[in-house]
Amino acid sequence: MSAPTPEPIAMSQSDHASNQVASEPVTDLWGLAAQFTTPAAIYDAASKVRSAGYRWFDCHVPFPVHGLDKAMGVQYTILPVIVFFGGMTGTMLAIFLQVFTNSLELNLWAIVPVVGYQFEVSGKPLISAPAFVPVMFELTVLLSALTTVGGMLFLNKLPCLYHPILKSRKMKRITDDRFVLVIEAADPQFSRSKTEAFLESLDPERIVELEA
Amino acid sequence: MHAAPHDDLRLRGLGPAAMIGGGLVGLAGLAATVGIDGISGSTIFWKSWLFGFMLTQAICLGALFFVILQHATKAGWSVTVRRPAEAIAANLQWTWLLFVPILVLVWSGKGAVLFQWCDAQYMHSDHVLEGKLGYLNPTFWSIRAIVYLGVWALLARFYRSQSIAQDSSGDLSHTMRMQWWAPISIVLYGLTQTFASIDWIMAIQPKWFSTMFGVYWFAVSCTGFFATAIVLLSILRGCGYGAGSFSREHFHDLGKLLFAFGVVFWAYIGYSQYMLIWYANIPIETEWFVPRQLGPWFFVSWILILGHFALPFVLLITRWTKRFRNVLVMIAIWMVAMFIVDVYWLLMPMVPEEALAHAESWAQLQSEVSAGTLDLGWNLSILNFTALIGAFGLLVCGTFFFLGRASLAPTSDPRLSEALAFENF
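Chains V and F supply the protein sequences, listed in that same order. Everything in the first sequence is counted per this note's numbering, starting at 1 for the first residue and increasing by one. Everything in the second sequence is counted per this note's numbering, starting at 1 for the first residue and increasing by one.
Simulated from the structure, these hints should not be mistaken for lab results. Here a beta-carbon is modelled for each residue, glycine too, at the ideal position from N, C-alpha and C. Be aware that a few hints might be false.
Listed below are several chain F residues computed to face chain V (Cβ distance under 10 angstroms; list not exhaustive) [unchecked claim]:
#1 Tyr271
#2 Ser272
#3 Met275
#4 Asn281
Model the full structure from these sequences, guided by the hints.
This is the structure in structure tokens:
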């Protein structure tokens with residue numbers, strides 16, 4: 001991989017430079033990016049790309065565009081289901097931990113006696129459910145919270161050390177005032193020429209080939 | 001500006017029909033309660049009456065809390081469901097009438113059939129009880145009751161009348177005034193609601209006390225309100241009202257509130273109260289849970305744990321059950337039933353002090369229960385049901401009366417457009 005040639009930051013000049021680079025075809029193609037100038041345009045484009053049957057595509061916008069996820073046909077997340085089982089794991093773990101440590105009594109290889117913390121507290125039985133509930137509650141909440149954060153990061157494909165779209169200097173304006181739709185080469189329907197022609201029909205400002 | 005269609009926001013046939021029907025059923029229920037008992041003044045009659053009264057108070061107080069909360073937080077999403085809540089809370093303007101007989105009972109000198117503290121001899125028999133005489137005496141008790149009922153009636157009237165006045169004037173000052181009063185109202189609400197639960201439920205057993213009781217009663221009233229609100233709004237939608245003003249999104253949020261307050265918060269508070277008493281194991285505190293773990297009450301307690309917490313927790317935790325009105329309303333009806341069982345469970349069980357004093361062991365109490373010699377206050381009387389029907393009938397009557405007198409949504413509220421555009425992510 002050759003070091004990217006430094007490009008001037010000024011947008012008008014970089015636009016000029018990009019036309020030069022685009023003439024050399026990218027060998028390791030990751031996807032085709034179409035750049036739009038308004039939220040309405042990308043909203044429109046997203047629903048057209050979706051109805052054209054593409055599944056591996058994403059939109060990169062400088063601020064939340066309301067309804068864009070619906071236009072893209074993004075499915076409702078599976079995260080709550082994962083969190084439910086995460087929470088249940090916490091409950092089970094708490095029950096196991098407390099029953100085990102409170103009532104443990106065994107002989108390892110019939111030689112080493114192992115006894116748990118068998119403390120009698122105010123005459124209650126060693127295994128008394130009401131005393132276990134606070135820990136069950138706390139561990140349920142803890143594991144639910146950790147599963148939520150961890151699951152969210154995982155479902156967002158983190159850790160992701162770099163994203164191909166950030167590699168391209170031509171995509172810098174997605175953090176400012178441009179709206180970019182990328183169809184990935186991994187899409188089963190993707191074909192370099194056909195997809196490019198299709199994107200051209202959406203009337204973007206320009207189309208950029210992204211290197212993996 | 002106001003996108004809500006106005007034609008379906010006025011109750012037409014449904015209003016008078018529900019009002020007359022509810023009123024007749026309610027009066028018949030109360031008349032039957034009095035008639036069957038023949039005004040003998042038995043404990044079971046007065047407990048049934050208190051049961052009916054507390055059911056109405058719980059639902060109306062939950063509604064009042066909801067209305068004040070929306071102003072205190074300047075909520076936008078709830079504007080279109082606030083009017084029905086205002087109508088339920090407005091019943092607080094007349095439900096004090098149901099309290100008058102209890103007030104008369106306490107002053108007639110026969111109050112001991114319901115509240116043991118009315119018996120002066122009993123109160124002087126024990127050091128602990130003597131110390132409570134400054135709080136539990138007819139004069140102070142009555143003054144407090146009048147303050148609670150007065151504050152609730154005024155708050156319910158204030159928030160409803162301001163909101164309705166805004167419908168015609170469109171004046172922003174009504175919203176500003178309600179918001180200015182909301183924090184003060186919340187404090188007033190919290191204090192009156194807490195002390196009312198102490199005076200009217202906890203004081204049934206004057207020796208017993210629980211510092212969590214007021215919060216528990218708050219959880220009970222939230223369950224009652226959010227469940228009935230979902231049922232009421234669903235009936236309105238089913239009869240063709242409010243299609244343009246409250247949607248699936250609003251039902252979804254009410255479902256969340258029912259889940260949060262009526263299921264999780266209720267269980268959290270109920271368990272916390274139980275655990276502290278269970279761990280300390282002091283007779284003066286455990287006497288309240290003893291009858292609730294014996295005989296038939298043992299099963300009622302388990303019905304509450306499973307039916308008021310475990311089952312609705314699993315049902316309401318997923319997103320889709322809250323988003324389909326037909327599913328949500330079935331769960332809400334179930335929660336109304338559980339709320340009634342809960343209030344019944346709070347009021348009825350009681351074990352005689354002598355029996356507790358003489359009991360050597362838990363096993364002895366259990367054998368006394370199976371022998372049928374121990375009175376646990378388990379008396380499923382027809383009076384319980386007539387009082388229940390009477391209370392709910394009158395509540396339906398009052399609610400539809402207030403609903404019919406104004407638009408079903410605050411059409412000039414400054415946050416109306418926010419509520420109409422509301423969407424859950």
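(request) If any of the earlier hints don't hold here, list their numbers in rising order. (result) Those not satisfied: there are none.
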